[in-house]
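Now for the letters of each chain:
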Amino acid sequence: MIDPDLLILARAQFGLNIGFHILFPALTIGLAWLLVFFRLRYEKTRDGQWLAIYKLWVKIFALSFAMGVVSGITMSFQFGTNWPGYMLRVGNIAGPLLTFEVLFAFFLEATFLGIMLFGMNRVSSGLHIAATVLVAVGTTLSAFWILALNSWMHTPTGFGYQDGQLVAADWLEVIFNPSFPFRFSHMMNASGLTTAFAVAGLSAWRLLRAPNDSAALRAVRTGLCIAAVLAPLQLVLGDLHGLNTLEHQPAKIAAMEGLWETRAEAPLVLLAFPDEAARENFYALEIPRAGSLVLRHDAEAVVQGLNDFYPDTPPMTPVFFAFRVMVGTGLLMIAVAWVGAWATRRGRFPSRRLLWVMAVMSVSGWVATICGWLVTEIGRQPWLVTGLLRTADAAGDVPAQYLGASFAGYVFVYSLMLLAYVVVLAHLAGKGAESDAVALPRAPS
Amino acid sequence: MSIDLPLVFTVLMALAILLYVLLDGLDLGIGMLMPAATREEQELMVASIGPFWDANETWLVLGIGVLLAAFPVAHGVVLGALYLPVAAMLSGLMLRGVAFELRIKAVGWHRELWNWLFWVGSFLASFAQGWMLGRYVTGFEEGFSFWVFSLLCAASVCGTYVLIGASWLILKTEDELRRKSLLWARWGLLWSGLALVLVSIATPLVSARVFGRWFDFPRTFGLMLLPAAALAAWTWVWQSTGRLHHSRNARGDWSPLAGAATIFLIAFLGLAYSLFPYVVIDRLTIWEAAAHPSSLRIVLVGFLFVLPFLIAYTAYAHRVFGGKVREPLY
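Keeping their order, the protein sequence lines are chains A and B.
Take any residue in the first sequence, note its place counting from 1, add 196, and you have its number in the working numbering.
Take any residue in the second sequence, note its place counting from 1, add 166, and you have its number in the working numbering.
Certain hints may be false.
Calculated from the model, a selection of chain B residues having no Cβ within reach of chain A, i.e. all distances over 10 Å [stated by the list, open to error]:
#1 275
#2 299
#3 387
#4 428
#5 434
Pair by pair, the computed Cβ-Cβ distance ranges are [as the list claims (entries may be wrong)]:
#6 431(A) with 449(B): 49 to 59 Å
#7 583(A) with 168(B): 25 to 35 Å
#8 449(B) with 201(A): 24 to 34 Å
#9 201(A) with 391(B): 52 to 62 Å
#10 614(A) with 386(B): 49 to 59 Å
Keep in mind the hints are simulated off the structure, nothing from the lab.
All C-beta atoms in this analysis are idealised placements derived from N, C-alpha and C, irrespective of residue type, glycine included.
Bound-form chain A, shown alone (with noise of 0.2 Å):
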């Protein structure tokens, strides 16, 4: 059995490589469909704004997406160092399925890159366009083969024994498990979210420094547009998502409601202070018996309780605030796309005011989308493979030395790109597409 410390340690170092390569993406698998609506925009109108907007969002596609490929490295490295259990327990499953990323998907969007970025004078717009769309496959598909992975993970199913090793008895049941169609719906809806408010946020952010720039409003229009959609869905999809948790991993629920008896008449907690030792609640605000009729659609009906499970459970604390900041961000996402869909109709021009909120909001994707996944992989706890193995049963036996100072390397690493990135996207975004708007011919040098 590892030192908790150390396991702390493992969990943290690799829980930040985690959470910084989310955020690139969360912004991508979205962004790349964008691309091709901008694309086609284009070649159907051969309106240079929208040229102009598609090379301003190609060029911050091409940064995220290779922060995205470089902190992925770091994981597929990080399964070895610091989880060599999960190799030896679950590798027969785990190891097809990423490798079937890198396969299928990883290789497709990076040399498609190249041509989108930069084919544009080289090859056919038709071959353009397929580039961008092969682009947007492969963000995709990426995305499925990972969610895969990870709701088998959560929820594992068609596996088998053979020769004493964990084995797949049935790919499209480990594929397809049950917690995959949510998660994945799930994931995708929040990416084109994050991509929504980053494209709608950062142009609001350019309009305020530059009113006239039609092209910034039309793009703050089309992220809105597609906000005022998408926000709502998932609402929904997260519901679905959770009923489905509720059927697999009950405790994860118990955390993220924060209910720690088992009751009839369960209230809705809206707010309170999970105290871990007393395993209560403090300063609690709730609705009575809603929290039944959430979970179980009837008011009368029985919901589990975090005590239930004890002491296979997670920790209250982190779970249950993550997913009210995630709900919030999510309701608040709901409300900006709305009001700013409406005050932008027909060509109008919002009030400055609002676009400081839609401005600001430009991080709510990724926001809601860390928290997101807080709650679901902390909520998984103690389990790495629910069942199947325990998180503190995978961890390998690097010395606290080595570990301590590769964190201390990778926050210094992440630190540096992130503001690089920060800076970056502001600088871009401020500047605007106008600037190259007009494709006047190269000075001769």
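Go by the hints and put chain B onto chain A.
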């Protein structure tokens, strides 16, 4: 009929790693050459790898992915033993990759900073990869002579990356930069030649296993074909760089790259011969470390399905961006 799946996957993994060191090796080599070039040249150098570097780096993920999928036990052992150099390499690759994107977008001193980090990242990643190679070949043994050996491997990997990077630039650039690249290729050639000789002498000395593999008469005579071929390729690159220096004709510009790739291939074969059939020296053979056959079979099916497409669109991308680079990216 049954096929030896672990053997098939050893070949696939070796292929992925070989392609990685060749393709990303040239990216890293170009990164290390940055301080030697003028600002305009730096732009062209980066432009020559711009459309490819993402895909080039993906071969590393594939190599590690196959290690993960086909030899899960070895994945944990190898990466656990190489914990710190892996962390250093990853930091280097991250800095390099991010700097690549940011140096284009930044202005003023920011640009200088990212240029510098591009160089640092490339160098750190190359050095760490060489260091890992040295540790790996000697079975992760501790001791002064093993550290010196790892240092030697690190230096030789840096040298060979410079060689292949410069060879790529000869193919992709013109005039002054091409002339400089010819010179750089020769420096890389000297460096890597010296390093290869030293590593070839040192490896049998630090590892009794490797000594046994190579000095087993009369097989040794046949094996001497490998160093002989390496010497021939080395001479060929040396002579072709000399010849190209005096010609303005671009027709032979591919020859240093082909020669450098041959040197890589031979060094790789020699290494593979020294290690086979171990995936962790003297501890785990490829058959002991292999995943369950059912899992290997499905990955192989995926491989066979994807490989033709992969080759086709990689070739297509290289055709689209073929020829000399004349202007910077963006």
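Cβ separation of residue 201(A) and residue 391(B), checked against the hinted range 52 to 62 Å: holds (55 Å)
Hint check for residue 386(B) and residue 614(A) - Cβ pair distance inside 49 to 59 Å: holds (55 Å)
Beta-carbon spacing of residue 583(A) to residue 168(B) - inside the hinted bounds 25 to 35 Å or not: Given range 25 to 35 Å: holds, Cβ gap about 34 Å.
Assertion that residue 428(B) lies farther than 10 Å from chain A (Cβ): holds (25 Å)
Pairwise beta carbon distance, residue 431(A) to residue 449(B), judged against the given window 49 to 59 Å: About 54 Å separates the Cβ atoms of residue 431(A) and residue 449(B), which means 49 to 59 Å holds.
Minimum Cβ-Cβ distance from residue 434(B) to chain A exceeds 10 Å: holds (21 Å)
Residue 387(B) and chain A, when compared Cβ to Cβ, separated by more than 10 Å: holds (40 Å)
Check on residue 299(B) being off the interface with chain A, judged by Cβ distance over 10 Å: holds (16 Å)
Cβ separation of residue 449(B) and residue 201(A), checked against the hinted range 24 to 34 Å: Once the Cβ atoms are compared, 30 Å apart, the range 24 to 34 Å for residue 201(A) and residue 449(B) holds.
Beyond 10 Å from each Cβ of chain A, as asserted for residue 275(B): Holds, since 13 Å exceeds 10 Å.
The structure is consistent with each of the numbered hints, conforming to all of them.
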